[in-house]
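Colleague: I would like the entire structure built from these sequences, with the hints used as guidance.
There are 2 protein chains.
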Amino acid sequence: MHWDHLRAFLTFIREGSVRRAAKTLNTTHSTVARQLKALEADLGGPLFEPGPEGRVLTPLGRRIVPMAERMEDDAAAIRRAAFAEDTTLAGPVCLSVSEGLYLNVFASVIDDFLRHYPMISLDLVMSDALSSLSRREADVVIRITNKPPDSAIGRKLSPSPLCAYVAPRYLANRPKLDRWVALDYGPSLTPILPARVVATASSLQSAAQLIRSGHGIGVLPCFQGDTDPDLIRLPDHDPMPDMDIWILTHTDLKANARVRVLLDYIYDAVPKIAPIVSGLLAQSEPG
Amino acid sequence: MHWDHLRAFLTFIREGSVRRAAKTLNTTHSTVARQLKALEADLGGPLFEPGPEGRVLTPLGRRIVPMAERMEDDAAAIRRAAFAEDTTLAGPVCLSVSEGLYLNVFASVIDDFLRHYPMISLDLVMSDALSSLSRREADVVIRITNKPPDSAIGRKLSPSPLCAYVAPRYLANRPKLDRWVALDYGPSLTPILPARVVATASSLQSAAQLIRSGHGIGVLPCFQGDTDPDLIRLPDHDPMPDMDIWILTHTDLKANARVRVLLDYIYDAVPKIAPIVSGLLAQSEPG
DNA sequence: TTGCACTGGAACAAATTTCGACCATTATCC
DNA sequence: GGATAATGGTCGAAATTTGTTCCAGTGCAA
Numbered sequence: 033m034h035w036d037h038l039r040a041f042l043t044f045i046r047e048g049s050v051r052r053a054a055k056t057l058n059t060t061h062s063t064v065a066r067q068l069k070a071l072e073a074d075l076g077g078p079l080f081e082p083g084p085e086g087r088v089l090t091p092l093g094r095r096i097v098p099m100a101e102r103m104e105d106d107a108a109a110i111r112r113a114a115f116a117e118d119t120t121l122a123g124p125v126c127l128s129v130s131e132g133l134y135l136n137v138f139a140s141v142i143d144d145f146l147r148h149y150p151m152i153s154l155d156l157v158m159s160d161a162l163s164s165l166s167r168r169e170a171d172v173v174i175r176i177t178n179k180p181p182d183s184a185i186g187r188k189l190s191p192s193p194l195c196a197y198v199a200p201r202y203l204a205n206r207p208k209l210d211r212w213v214a215l216d217y218g219p220s221l222t223p224i225l226p227a228r229v230v231a232t233a234s235s236l237q238s239a240a241q242l243i244r245s246g247h248g249i250g251v252l253p254c255f256q257g258d259t260d261p262d263l264i265r266l267p268d269h270d271p272m273p274d275m276d277i278w279i280l281t282h283t284d285l286k287a288n289a290r291v292r293v294l295l296d297y298i299y300d301a302v303p304k305i306a307p308i309v310s311g312l313l314a315q316s317e318p319g
Numbered sequence: 033m034h035w036d037h038l039r040a041f042l043t044f045i046r047e048g049s050v051r052r053a054a055k056t057l058n059t060t061h062s063t064v065a066r067q068l069k070a071l072e073a074d075l076g077g078p079l080f081e082p083g084p085e086g087r088v089l090t091p092l093g094r095r096i097v098p099m100a101e102r103m104e105d106d107a108a109a110i111r112r113a114a115f116a117e118d119t120t121l122a123g124p125v126c127l128s129v130s131e132g133l134y135l136n137v138f139a140s141v142i143d144d145f146l147r148h149y150p151m152i153s154l155d156l157v158m159s160d161a162l163s164s165l166s167r168r169e170a171d172v173v174i175r176i177t178n179k180p181p182d183s184a185i186g187r188k189l190s191p192s193p194l195c196a197y198v199a200p201r202y203l204a205n206r207p208k209l210d211r212w213v214a215l216d217y218g219p220s221l222t223p224i225l226p227a228r229v230v231a232t233a234s235s236l237q238s239a240a241q242l243i244r245s246g247h248g249i250g251v252l253p254c255f256q257g258d259t260d261p262d263l264i265r266l267p268d269h270d271p272m273p274d275m276d277i278w279i280l281t282h283t284d285l286k287a288n289a290r291v292r293v294l295l296d297y298i299y300d301a302v303p304k305i306a307p308i309v310s311g312l313l314a315q316s317e318p319g
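From first to last, the protein sequence lines stand for chains A and B.
Residues in the first sequence are numbered from 33 upward in steps of one, following this note's numbering.
Residues in the second sequence are numbered from 33 upward in steps of one, following this note's numbering.
Since the hints were derived computationally from the structure, they do not count as laboratory data.
Warning: the hint list may mix true and false statements.
Note: identical chains are not told apart, hence a pair may lie in one copy or across any two.
Straight line, CA to CA, 20 angstroms or less: simulated SDA-like cross-link-like pairs of lysine to any residue [said to hold, decoys possible]: (1) 69 - 111; (2) 286 - 183; (3) 188 - 72; (4) 69 - 91; (5) 208 - 245; (6) 286 - 91; (7) 304 - 269; (8) 286 - 99.
Just so it is clear, the structure is predicted and the values come from calculations on it, not from any experiment.
Modeller: Dropping the structure here:
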């Protein structure tokens, strides 16, 4: 039995199809298919059965999933241990930020960081889906949460309040504040919706776009709404507290030199970014 | 990082040399050496350092050993789960018995078993070193112990008392019973040694040979001494209780059909083998 | 010293694995 | 119905991994 075939197995059951699994494994579907077949042959029994909606796991397949996942966890722990040993300031470090936070808040800080440490090659993952620290999909993440997981350590950078935003053209066309844009978004900041929902967006950017176009009023993090020149805060509304912005790394990785300087550099930039995030920034006037 | 390279790593640190590791992995030394080099490259740091007595692990190497071992455990658990699914009476099953027990006690029972289940191919591992059930080095083991490990289940076949044996020629040449052959043997049945030790043997067979040659008196399990036509029990000595003979399998494997019939068949043969093992056999006269 | 047994490294040939392009099939949508 | 985009399977060529063979160095014993 080849241990690497178990990785193909795990990826396959997560992705649901041989081709998608091949994509995330950076190979081809024929390779994944062959590896799965080889795994079944080595184990002496089928792991899948053809079902009505794609393949379905056999009892044996279902039984080995948790063990394969433990192997994956240990493999990730090994990679973390190796990465933590690296005490040089040259080499890669992977940072995961959501697109909105990067564009509106951290872009210039990260620019400065790269200039300050030219030997570090920053691997910037812009993803709303929260990259997993324990699977080593990222070394450092900047995340909006109110309780970081136990396996992570880091610092709270700033509170990130929410506020209701609207486009000036909406107010010009329609005096009643009864059309809203909802946000159905990974980090679960789906605010209360007091009135008719005319649209639902699945990302900050698309919600902002819908509000900009005058379709309705929407609740956004202040760092998103305040930095948008085409949006204004809803008159007579104040920011409301929500979650906090944290910078986090895995406990195992805190010894790594590049992780350390990245954490410190961004924490030291808090005075620069806190006003943008916490809603204290003088809001730019609509254009 | 290739997970399979971690297996090469584990085997290497156990065997101590690239060539020995290659042997147990059924490959060549160049392959193992390349895999270790690739693993170090993937992890970005050395795992070994050249030391005075062979290679020595770096701190990083030492740190990842337990995680790699957990991966190995899970890989073995996966193989056990797959093997347990097999409900057919055709195919392989691996039995581990010590050489002495096989030759003197179980050979004929196992012969009968093979005749009775011709579709089962028995993989008989004769090894004094106790094959590990949890690493799936054997599916069933017959072992002298007094407390089987928690992860194993099975049945006690018979007590296996010890007795002092001597060659008739020793008694003819030397009336004093002051020369002894010691047994330094894996399952720790090193008996008390009341007098001068003229030789120490590391296996039952070699201890029996030393006693046969008249070098001294030795304590052996009854199944070994009583079945040896060139040995007699020390006059006026009775067998003394020691450990028991168990037939064991891993908890995960008890569902496998071949494991089940092998366990049952050998348990049903207890009336046949118990007299030999328990010292109740009329001892064969010296030749 | 010499011979022997062992260590690990390097280079090339052989075996295996992977890739990439094709195929048939199925589900969905217009 | 037909078009489209999925799915997974097959097969020869390309790439990678492995096996083989040789090499130099080391420790040990005769």
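Colleague: Against this structure, judge whether each hint is valid.
Modeller: Do the hints match the structure? See the list:
no.: 1; hint: 69 - 111; verdict: between (28 angstroms within a copy, 15 angstroms between copies)
no.: 2; hint: 286 - 183; verdict: within (11 angstroms within a copy, 37 angstroms between copies)
no.: 3; hint: 188 - 72; verdict: neither (47 angstroms within a copy, 36 angstroms between copies)
no.: 4; hint: 69 - 91; verdict: within (17 angstroms within a copy, 38 angstroms between copies)
no.: 5; hint: 208 - 245; verdict: within (17 angstroms within a copy, 110 angstroms between copies)
no.: 6; hint: 286 - 91; verdict: between (40 angstroms within a copy, 17 angstroms between copies)
no.: 7; hint: 304 - 269; verdict: neither (25 angstroms within a copy, 91 angstroms between copies)
no.: 8; hint: 286 - 99; verdict: between (28 angstroms within a copy, 19 angstroms between copies)
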